[in-house]
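J.: Here's the letter readout for the chains.
Protein chains: 2
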Amino acid sequence: MSLLAVGTLAFDTIETPFDRRTEILGGSVTHFAHAARFFGPVHVVGVVGTDFPDETLRGFTARGIDVRGVEITPGKTFRWSGRYEADWNTRHTLDTQLNVFERFDPKLPESYRSARFLFLANAEPAVQLRALSQMRSPELVVADTMNLWIDSKLSDLEELMRKVDGLVLNEEEARMLTGRRNLFQAARLLLERGPRFLVLKKGEHGAFLIGREVRFALPAYPVEEVVDPTGAGDSFAGGFMGVLASSKVIDPTALRRAMLYGTVTASFCVEGFGVEGLENVERARIEARFEELRSLVTP
Amino acid sequence: MSLLAVGTLAFDTIETPFDRRTEILGGSVTHFAHAARFFGPVHVVGVVGTDFPDETLRGFTARGIDVRGVEITPGKTFRWSGRYEADWNTRHTLDTQLNVFERFDPKLPESYRSARFLFLANAEPAVQLRALSQMRSPELVVADTMNLWIDSKLSDLEELMRKVDGLVLNEEEARMLTGRRNLFQAARLLLERGPRFLVLKKGEHGAFLIGREVRFALPAYPVEEVVDPTGAGDSFAGGFMGVLASSKVIDPTALRRAMLYGTVTASFCVEGFGVEGLENVERARIEARFEELRSLVTP
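Protein chains in written order, with the working numbering: chain S, 1 to 299; chain R, 1 to 299.
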């Protein structure tokens, strides 16, 4: 048992400047797992309603994603609907129906509790903390969050920050949490509040890794045609954590390498709707993009 | 005679969210030369009015900037005034008085015409072409441009593009010139129109170098406190060209190295008003930032 992720499985309705899709497979752990699976087994904890097709769960299993931790409860699966503006940077949430996720109380199967790597996808911080409290002694815990919790659940989020090794957040969230516009100043303040490292996501401008012993700046992989950016952050986290879970040691070199792989898995994600971009990729194409990205950024 | 730059010397009045300065030394070749001088001699062609202090020109000379090509003509020096919004990304031009620059007809001193490296700072493309036509056989010519000329002087600009080795432009200009939002698609189209390489500036998000034989993506140096972004692009070009002019060969390795140095000189520029950030820097601090940046981006 190596890599565990806790978060949402959902049906997304997505409008882009060029196309529209209705109720396609989405959710944070869905994207995470579809990216992490290239590097080893990944185990998932989440909740779906009775409307979630068995066939879809079998699709997860066929791709090496263990869904024994996905609870099926009476009711409807989480639904989200959003629209992207022409510049891709602005996203409007049109509708959120939490449905069965509203009462999500993560219950980790006994065999999951000794996982070495844990990813807590974006959820109410109290829920993330409940999941974390069931773990024995994970080697590396990384959490994602969002502006909603910074506004409404800050003290829970502060507690979570004290208990995780890494925090994934975007520029805006880092600024909200610290009141600093400069990302490196913001990062320094955040590192004093608990995490050993931060992954600061800058969308099409790439990501920074800032830790106590490591600083690494990486542009996005130059995708020629963005189809749907939904799940890019979770796909990044999936590649990042998947590679770390397969690494012998977690040192600055391994973290930098994980940033490159996370960037690559995110690049495949945005080339299709939902997880389509990640579904039919072979490991060889992951490696080819990894080498291409490495060559693009190496001075 | 190695590195020559043609462009403006000006007095800038600048409002930032935190401060304001009136009629400070500015202009494209001023910034360029103050960055390039760290790497070797730099020669300047431009025009100033009789109001331009002799003392300021002597200050250039004292820093290794040759101003014999700066013409002093009756009238007032170019004046520009602008205001930055709180996010630094939005700049409003409040006033432009071309003054003596309106009739600028670059006349290269005989000894300048055999320069090996030429930078044509932003000016009307016809003026840039007239400067270029006076050169013997420069080894490397790089030009800057702006949205105004894309709108109003496109055919001159197209001619210029056919005659230069490198073009420096920002994201918006690349998109205007090609109609493509994706920067790598835009770059491919631009490379078909003449230049061997492009430097695509993305402000606080860094810069891309895209050429026929080289692709390199680099974030900005993480400046903790931006004071005034004016001249960042020209300071980048100064470091970039200054390093190239001191390189034995111009190959992809030299171009990547020049990108790092350009990023470093731009970082010092934005830490002060006008060229103040570049005035009192020693070469050792340039080297220290170069190493820091290289370590920040090396996978």
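Treat each hint with caution, since some may be false.
Remember, identical chains collapse to one label, so a pair may be satisfied in a single copy or spanning two.
Said to hold, decoys possible - Capping the alpha-carbon separation at 25 Å, the derived lysine to aspartate or glutamate pairs in DMTMM-like fashion look like this:
hint, residue 1, residue 2
1, K248, E204
2, K202, E85
3, K202, E225
4, K76, D54
5, K202, E271
6, K76, E139
7, K107, E213
8, K107, E139
9, K202, D165
10, K202, D87
11, K248, E85
12, K202, D51
13, K202, E224
14, K153, E287
15, K202, E172
16, K107, D165
17, K202, E171
18, K107, E159
19, K76, E276
20, K163, E55
21, K163, D54
It should be emphasised that the hints constitute simulated quantities derived from the structure, not laboratory data.
Fair warning: this is a prediction, and the values are worked out from it, not measured in the lab.
J.: For each hint, tell me whether it holds in the structure or not.
T.: Hint check:
Taking identical chains as interchangeable, the C-alpha atoms of K248 and E204 are never at most 25 Å apart, the minima being 31 Å within one chain and 35 Å between chains. Taking the shortest Cα distances, K202 and E85 sit within 25 Å of each other both inside one copy (17 Å) and across copies (20 Å). Both within a single protomer and between protomers do K202 and E225 lie at most 25 Å apart by alpha-carbon distance, with minima of 18 Å and 19 Å respectively. Within a single copy, K76 and D54 get their C-alpha atoms as close as 14 Å, which meets the 25 Å cut-off; across copies the closest is 78 Å, which misses it.
For the identical chains of this complex, K202 and E271 are neighbours both inside a copy (18 Å) and across copies (23 Å), given an alpha-carbon limit of 25 Å. Taking the shortest Cα distances, K76 and E139 never come within 25 Å of each other, neither inside one copy (35 Å) nor across copies (68 Å). Within a single copy, K107 and E213 get their C-alpha atoms no closer than 34 Å, and across copies no closer than 54 Å, so neither meets the 25 Å cut-off. In this assembly of identical chains, the alpha carbons of K107 and E139 lie at most 25 Å apart only when taken from the same copy (20 Å versus 68 Å across copies).
Only within a single protomer do K202 and D165 lie at most 25 Å apart by alpha-carbon distance; the minimum there is 20 Å, versus 32 Å between protomers. In this assembly of identical chains, the alpha carbons of K202 and D87 lie at most 25 Å apart whether taken from the same copy (14 Å) or from different copies (15 Å). Proximity of K248 to E85 under the C-alpha cut-off of 25 Å is found in neither arrangement, the shortest distances being 42 Å within a copy and 47 Å between copies. With identical chains, the CA atoms of K202 and D51 are never at most 25 Å apart, being 35 Å at best within one copy and 46 Å at best between copies.
Taking the shortest alpha-carbon separations for K202 and E224, both the intra-copy value of 18 Å and the inter-copy value of 18 Å come in at or below 25 Å. Taking identical chains as interchangeable, the C-alpha atoms of K153 and E287 are never at most 25 Å apart, the minima being 40 Å within one chain and 45 Å between chains. Within a single copy, K202 and E172 get their C-alpha atoms as close as 9 Å, and across copies as close as 18 Å, so both meet the 25 Å cut-off. Only within a single protomer do K107 and D165 lie at most 25 Å apart by alpha-carbon distance; the minimum there is 22 Å, versus 62 Å between protomers.
Taking the shortest Cα distances, K202 and E171 sit within 25 Å of each other both inside one copy (6 Å) and across copies (16 Å). For a Cα distance limit of 25 Å, the shortest separation of K107 from E159 inside one copy, 20 Å, qualifies, whereas the shortest one across copies, 67 Å, does not. Proximity of K76 to E276 under the C-alpha cut-off of 25 Å is restricted to the intra-copy arrangement: shortest distance 23 Å within a copy versus 62 Å between copies. Taking the closest pair of Cα atoms, K163 and E55 never come within 25 Å of each other, the shortest separation being 37 Å inside a single copy and 60 Å across copies.
When the C-alpha separation of K163 and D54 is checked against a cutoff of 25 Å, the pair qualifies neither within a copy, at 35 Å, nor between copies, at 63 Å.
In the structure shown, a violation is registered for the earlier hints numbered 1, 6, 7, 11, 12, 14, 20, 21, in ascending order.
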